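Bring the two chains, given one by one in their own frames, into a single complex with the hints.
Those protein sequences? They're chains A and B, same order as listed. Using our numbering, read the first sequence as starting at 1 and increasing by one per residue. Using our numbering, read the second sequence as starting at 1001 and increasing by one per residue.
In short, the hints are calculated from the structure, not lab data. Values in this document were obtained by computation on a predicted structure and should not be read as measured data. Don't take each hint at face value.
Stated by the list, open to error - Straight-line alpha carbon distances no greater than 20 Å define the calculated EDC-like cross-link-like pairs of lysine to aspartate or glutamate that follow: (1) A:53 to A:369; (2) B:1121 to A:302; (3) B:1121 to A:259; (4) B:1121 to A:301.
Claimed, not checked - Heads up, incomplete: computed chain B residues facing chain A, CB under 7 Å, no partners named: (5) 1111; (6) 1112; (7) 1117; (8) 1133; (9) 1134; (10) 1203; (11) 1205; (12) 1207.
The C-beta atom is built at its ideal place from N, Cα and C for all residues, glycine as well.
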Amino acid sequence: MKQARPFTITNARVVTPAGIVAGALRCAEGIIIAVGPDVAPQDGDEVIDARGKLVAPGLVDLGVFAVDKPAFHFGGITRAALMPDQSPPLDLPSRVGFIAKSGKPDLWVHPLAAATRALEGSELAELALMQQAGARGIATGRRWIADSGVMLRLLQYAAMLDLVVVAHAEDAGLAGDAVATAGEIATRAGLPAAPAEAEALAIARDIALAELAGAKLHLRQVTTAAGLDLVRAAKARGLPVTCGITPAHFMLSDLATVDYRTFARLSPPLRCEADRQAALAAIADGTVDVIASGHDPRGPEDKRLPFADALPGMAGAETLLAMVLTLVRDGVLDLSRAFDCLARNPARLLGVPAGELSEGLEADIALIDPDAPWIIDRRRMEATADNTPFDRQGAQGRVLGLWKGGVRL
Amino acid sequence: MAFPHRDLTGIGRLARHEILYLLHEAEQWVELNRQSTKHTDLLSGLTIINAFFENSTRTLLSFEIAGKRLGADVVNMHAATSSVKKGETLIDTAITLNAMRADAIVIRHASSGATGLIADKVDCPVLNAGDGQHEHPTQALLDALTLRHALDERGEGAEDFTGLNVVICGDILHSRVARSNILCLTALGANVRVCAPPALMPAGVEAMGVSAFHNFDAALEGADVVMMLRLQSERMSGQFIPSPREYRHLYGLTAERLALARPDALVMHPGPMNRGVEIDSEVADLAGRSLITRQVEMGVAIRMACLDILTREARGVEGWAA
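Chain B extracted, bound-state conformation (with noise of 0.2 Å):
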């Protein structure tokens, strides 16, 4: 079986040649998403829950037209308030979500781990859409695809990014996606390099396969991506980061500083930005090396092929069956 896992739970549980499985069966949602009938059945009669246990705007729309594009049933459950973290409640809502005969249930959560705990708990495929700062899959996915196909389109593409230099740069500590992106990255191929503060930078992250930096100039010397991260506002205010002014001084992605990368170098974010902080207007619209609005239109077709990949046995497609 090209896929043999029932669950999606983190990066850091696949192989290479299953990543890019995953990468090449988004290419299919990539072309049908392209059309001006974005349908198919392929999925009708599933339900899909989407139970997110923490707010999201955009993850959230993702998996729930990714869903509806496959012609699945999507109930959304927004259970994203602080009392709904404690006790039995987690597991409880699981257990409901089984009763309930979901087909694949997807989870957001803002603890490390909770997408596993409940994924031992269920019948059915999980999918993680977030765990704390654990790992975030579908967007280290979906990142991998924007950057083969902006590679392709250059007539630079490979099967893998072996050679690439990418910088991720911003709060590592508190960042799931860096961490489900270095994973990726990594077992692609690529040179990882992670530039944060001190603060925001995790101990003994080196051992995950990355080069660490403090100083962003050094990290952009000779890098083909810059990947910068969302840093939330709290983490500014005096304890993390003096001020965001002067995060902007040290880590904001400007037009000057991105010159210290390659000339074609290709700036990515995971959004929402914080223009004028980590990222400057005018590098997040460069036309032609800013793929940030890209990376919106392959999160479907990732989180398509994610859940045709994970709900095949379940339907009986010959040669997935248990």
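Chain A extracted, bound-state conformation (with noise of 0.2 Å):
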């Protein structure tokens, strides 16, 4: 599908990089040919009035584990990078070049290949080729890489195809079987528990190799005070270091997990009170540069189980929107920033031409009311299964319109 005739969004408060600019947005042929408080629409234009909402780009969501349009769509995503945890999992050219295509037209899906074969952390994948097939960066996968050597040999490569890699933060020895994180509440349920630490001590090791390798660092979820300080440290030090987080970490802590409810069981697991503090400090000080859905729908064969006994994961692509806009109110960062984190980050990571309001890149753009009210229904969601921790909460913030590549969906 192909954009028919250009269009100018009037009478929008348009999210660019640089702040929020009053005026109208034209595209055609896919692509923003203006942006700014001088342009109008031209003559054959189709027109439409944003009545002073937001005009802002499609969210880029980084790290999510399965496609999952309607739920995509409903939360503005525009563009999702595919965790290479698939059945069978993304560690071939072929699946990936499959999965590269998959969503076209309407949801641009970009894959992560698989860092090693069946991404049991031990044996290189066909990283190139991958590439080639499509592949816009590497993954750990759900497991941290355990053996340094063959994480040293995989940013090595990485570095050499100017490709991210993407990890996963929890020292395997540590965490072991945990489902939870040590401390009053995990002591309480009598849930195997891992310290928080195992975060810190896989950070620092991989940061310690990226740097040897001279690769780009990204680590998909950073949860605690210690691993957010070594990002902030290792950034200051000018590495290509750079993290990310979902809305669960920000606004819950492990008291969420009391009464051994199955949708707030995650990896890594809930965190105390003091680190939620830590990951909203962090967002706000730049710190974290992504924040992504982490998006993982799962049926009750997988949740309607004993805590320890169900499988991590939340279906979030619907409400990644509303909770990061929360932040927005709660003055922790302004709107530029919020979608720098929700569009611009991820795509740069991802080296894809969109994420931002700008001239010459792909027409991926969300009309939004950042203000309407709803409710968090896990019974009426889009999303393939029903799995949020947000069950019946309030929120704020809805898409009234999407387009990708110039054409409205």
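Here it is in structure tokens:
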């Protein structure tokens, strides 16, 4: 599907990297042609009146576990980077090539290549061939690569290919079969738990190896004060280290797991309140580059189980935008930076020409009412499963319209 | 209502006066169990299902005897193979048991929280006979009842355990018995010390109102009661503890070590014991001070009390109807 005729969205508050601009945005042939206060519709344009609402880049969701188009579109997501933890895993060029085309035209899926065969952490997968097949990054998957030698060789290879390595940061020896963070809550519940330091330990190693290899390292979820401090320090030294987080870890603490609520069974597990506060501070000071949904829809066969037997993950695509807008209202970050975290930074990491409303980039656009109130209700979700830990919470911010490559969805 | 709970999923859900009520109600069953005819028809016509997803001999037998002495029809379901741990099976099993119109279901399961999950799906009272590393409430109640009897016999009985120093020693991390006892004993006013090597001590356990020790000798000082926990043999092969004899060296309750506690200190163990590892035979069999066989006796009475109380609503006992 191609954009049939040019359109201009007028009377908008346009989110640009430089700030919010009151004005209009004009697109033609799937590309943003002009943005600014003086932009006006031209003859033959379709004119869309934004009525003063927000016009923002379509979200680029870095690190989802399922392609779930209705949920992504509900949440304003126009591009999603898919984790290699599929069945079978994305460790062959043919699988990557198939996935890269799977969402088009109205959703672009950017596959992340499995770092190692079968994601077992021992033998490198065919990374260059997967890059040629459409992989936009390399991911270690749900697990940490325990063997430091393998991780170093992976990072060196990735540096050569100029691909970012998306890593999961939990020291495997400490984490073991833990399903919770060690502390009072896990102790009372009698859940297998690992110390929060398992994260910092893994990050320290991975940063050291990335520096040695000269590789770009993206830590998909950093959730502890100690881990965030390490990322902050690495950035201060000028290393190409970035990190992300999902809303669960800045909205919830391990208190949400009381009564064995499996929708709050996540990987890494929810942390203590002090770590949650540290995550908010790291979002505020720019240590966190990416806020992603970690979308991982799971049905009752995976979730209606005793806590430790349930599989980790949450359906997050529909609530991502509203949760980040909560941070904007709370003054943690401004709108421009919010969309840096939601679109611009992940697009840059993936090397795709999108993620911001600038001339010449893809017309992936979301028309958003940032204040529209709604109740998150798991019985009425678009996602393929209802496992949200935010069920029955109030939220603000809804997508009114979405364009992918200039085509309205 | 003296006991407003439909289920018994954990001591953590009970208030002090509810624990005391359960202990009080058990006394009549202690009496009955000491008669030659140990039977009543109180629960006649009711069906109790013991669904044990994890191996058990003692607890299962104790619940079975309790149900039968109360006149109920007791059925045991052994599902203690690891293959039944997975998937919908657990909830499907619960729904199946419910469809058979059980009047009470007793559950043991290897996963923490499993009992609560089942309780949400069935229409009858559910009793937790041990869920993972979470709780084993009837064990804590029977321990409290045992302790109360022993203190009464010495003329030291009081309404609760205020001021009593209790040491719980062993694998605190993996023990549901420890968690239930910590909750029960602290609710009844005891000073609880827990003692374990660092690898077997759960993080933040002090938040449960206990003091934590790694040095058993130090923990024993001034102790009125020493409660030993069973150490699983697979945890003594190097993962947590280098060897059984090394464990005994640091944490075994020997006669010499017991001498560090109060002169008349009482000894308890939930069983089954590893004699010569966590407890020496000499101590386990100490007449007048070891309460280990008494614990087993009280177990039946406590379980009778729980089954009686939780089925009162269904039986239409006056004052207990919904």
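Verification of the hints:
Distance hint between residue 53 (chain A) and residue 369 (chain A) is fulfilled; the C-alpha atoms sit about 6 Å from each other, no more than 20 Å. Note on residue 1121 (chain B) and residue 302 (chain A): the hinted pairing holds, with a Cα-Cα distance of about 17 Å set against a maximum of 20 Å. About 15 Å separates the Cα atoms of residue 1121 (chain B) and residue 259 (chain A), which keeps this hinted pair within 20 Å; it holds. Taking the CA atoms of residue 1121 (chain B) and residue 301 (chain A), the gap is about 15 Å. The hint holds against a cut of 20 Å.
Interface hint status for residue 1111 (chain B): upheld, as the beta-carbon distance to the closest one in chain A is roughly 3 Å, under 7 Å. Interface hint at residue 1112 (chain B): satisfied, since its Cβ lies 4 Å from the closest Cβ of chain A, which is below the 7 Å cut-off. About 6 Å separates the beta-carbon of residue 1117 (chain B) from the nearest beta-carbon of chain A, less than 7 Å, and the hint is met. The criterion of a C-beta within 7 Å of any C-beta in chain A is met by residue 1133 (chain B), whose closest approach is roughly 3 Å, and the hint holds.
For the restraint placing residue 1134 (chain B) at the interface with chain A, the shortest Cβ-Cβ distance is roughly 4 Å, inside the 7 Å limit, so the hint holds. Here the hint on residue 1203 (chain B) is kept, as its CB sits about 4 Å from the closest CB of chain A, short of 7 Å. Because the smallest distance between the Cβ of residue 1205 (chain B) and any Cβ of chain A comes to about 6 Å, under 7 Å, the interface hint for this residue holds. A cut of 7 Å between beta carbons decides the hint on residue 1207 (chain B): the least distance to chain A is about 4 Å, and the hint holds.
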